[in-house]
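A.B. asks: Listed here are the chains, written in short residue letters.
2 protein chains.
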Amino acid sequence: MTRIVVDWGSSNFRAYRFDSEGGISDRHQAEAGILTVRDGAFEDVLEREIGGWIDPDAEILLSGMITSRNGWVETPYLEPPATLQGLKEKALERRARSGARLLFLPGVCNRIPQPDVMRGEEIQVFGAALPDEDALIVLPGTHSKWVSVKRGAITRFSTFLTGEMFALLRQHSIVGRLIPTGASSERPQAFRAGVTFGFQGGGGGLLNDVFTVRAGALLGSFPPEDIAERLSGVLIGEEIRAGLASAAGAGRRPRLVGEAALVSRYRTAFEELGLPCDLGPDHAAVAGFRRLGLLGGKHG
Amino acid sequence: MTRIVVDWGSSNFRAYRFDSEGGISDRHQAEAGILTVRDGAFEDVLEREIGGWIDPDAEILLSGMITSRNGWVETPYLEPPATLQGLKEKALERRARSGARLLFLPGVCNRIPQPDVMRGEEIQVFGAALPDEDALIVLPGTHSKWVSVKRGAITRFSTFLTGEMFALLRQHSIVGRLIPTGASSERPQAFRAGVTFGFQGGGGGLLNDVFTVRAGALLGSFPPEDIAERLSGVLIGEEIRAGLASAAGAGRRPRLVGEAALVSRYRTAFEELGLPCDLGPDHAAVAGFRRLGLLGGKHG
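One line per chain: the protein sequences are A and B, in this order.
Mapping the first sequence onto my numbering, position 54 (from 1) lands on 54, and the numbers just tick up by one.
Mapping the second sequence onto my numbering, position 10 (from 1) lands on 10, and the numbers just tick up by one.
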């Protein structure tokens, strides 16, 4: 039987084909995220991208925003404690035109202490935490996730709008307006100073902290060339403070998982703060998919 | 002698003419903010808007973003403690083509505990606080200011990016994307719930709090029609918490000053939190300009 997993997000389409021993025999990536698909023609895109892999016996697992309201088949959210086995058991099954079985995986939600949701990141978490392990997995990004794992199950998590907030403030706000055109992102001291400031907090909370980045440049506390990196540092420092203080982070040592440049940036922030952190495996999503592909379950 | 004051901001041009007793004899407003002025033709705009008031003996005080780097004449910032008298003494004098004296007022800055700046709002503060009074003046807005006044002088202040942050998140972020088209802003319960949540904090800081507004709607904790007002409440609740905790706000009773609808919104927030606040005078800017116009000083 051919096993295929598809990580289909808003911007990207990533697919992996497994051999009979659970090794990855083929992989394919395209900028064919769900936002690029018109009139709900998801199956056409699937066939265009990986049609050559698909036979009537194939089982295709789909994860990510493809399972959201704006995707192909909307799946519910799995409540914590959420396991890889649970993800597969709660998958919604459809039949492809080719006869292949399509399994749309659920997302994971969290209602306590605050409502939160993820779709797709859970695969990275299951790839980064060992089965039955206790861990705190931190996935930096547009919407950073701090995910508490107990005995291999996701028990709670918090999302931080860090990356999106940085982009908003840089591109659209009065803080970003002072950034000189072509300012380099190689300002490590500015980043580190921002991290410390954001972590400690200036006493007026984040709405004030970000304004002080503008005011500090206007008053000559640092050059305008520092604004972008300082702002990035302030937001990441604030995320680390709040993440460690949150229920998801309490008392655990963060394990950073994700794209190398971003992980490196967060690692620098933890170092600057004198706080411990570990680096998770590269390609955590692939590891998670491999574990998922190897699983049995009601559809297995 | 004709005395004129001009409050010339990014978006608006507001001018007042005083009679010999210090009463306002004429006023004029236009959407002729500095962002609308091309090629630095500020004097042309001044003559177009209030040329009929100006004679060679006139004294024209200018305040607001017209005194910034992107304005007509850049003035320095006055350091605290900043008084109305100090503003006038530090004004930069130029001669208009008509022969009238132009006095460009400084802004006010603050370096402790965090760098902060204002240009124009100080006039409202001096209109809202009595001479020699101790007060905490709160000016809600795009960039809310919490201003501590001692014996009539501005001693320190903090700016919160509240209004701009709301606009950014509503228009450009993933949180705003769920807001139904045409959703009403008449959702007082959603606003009040947001204020309480933002004031108490969800345990994960503001970057998490704003994401929970999206997640709560996705999980059915409240309808999507509530998102905008809840988000507004979260940000204002956070501002009030941080403003009261800040050095500018410590131990004082806030006096709200500004545009009526916005003051009303903040008053509702204070009520919801069971916290005291006072309402400042309407037209605080006019009161401040009147006091300024009556002042003597080296140019008086």
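Among the hints, a few may not be true.
[What the hints assert, rightly or not] Covered stretches of chain A (chain B as the covering partner; in silico rule of three or more C-beta atoms under 8 Å from a C-beta of chain B):
1. 113-122
2. 152-165
3. 169-183
4. 199-207
5. 215-222
6. 229-240
Just so you know, these hints were derived from the structure itself, not from any lab.
Owing to the predicted nature of the structure, the values given are computational and were not obtained by experimental measurement.
C-beta atoms are modelled at their ideal positions from N, C-alpha and C, and glycine is treated no differently.
A.B. asks: Verify this for me: three or more residues of the stretch 169-183 of chain A with a beta carbon less than 8 Å from a beta carbon of chain B.
C.D. replies: Coverage by chain B holds for the stretch 169-183 of chain A (5 residues, Cβ < 8 Å).
A.B. asks: Between the stretch 152-165 of chain A and chain B, see if three or more residues pass the 8 Å beta-carbon test, and mark the coverage as holds or violated.
C.D. replies: With 7 residues closer than 8 Å to chain B, the stretch 152-165 of chain A meets the three-residue bar; holds.
A.B. asks: State whether the coverage of the stretch 113-122 of chain A by chain B holds or is violated, taking the criterion as 3 or more residues with Cβ-Cβ distances under 8 Å.
C.D. replies: That given contact holds, which follows from 5 residues of the stretch 113-122 of chain A lying within Cβ reach (below 8 Å) of chain B.
A.B. asks: Taking beta carbons only, do three or more residues of the stretch 229-240 of chain A come closer than 8 Å to chain B?
C.D. replies: Result for this restraint: holds, n = 3.
A.B. asks: Can the stretch 199-207 of chain A be counted as covered by chain B under the rule of three residues or more with Cβ-Cβ separation shorter than 8 Å?
C.D. replies: Per the Cβ count (6), the hint holds.
A.B. asks: Mind taking a look at whether chain B covers the stretch 215-222 of chain A? Criterion is 3 or more residues with CB to CB distance under 8 Å.
C.D. replies: holds (count 5)
When held up to the earlier numbered hints, the structure conflicts with none and fits them all.
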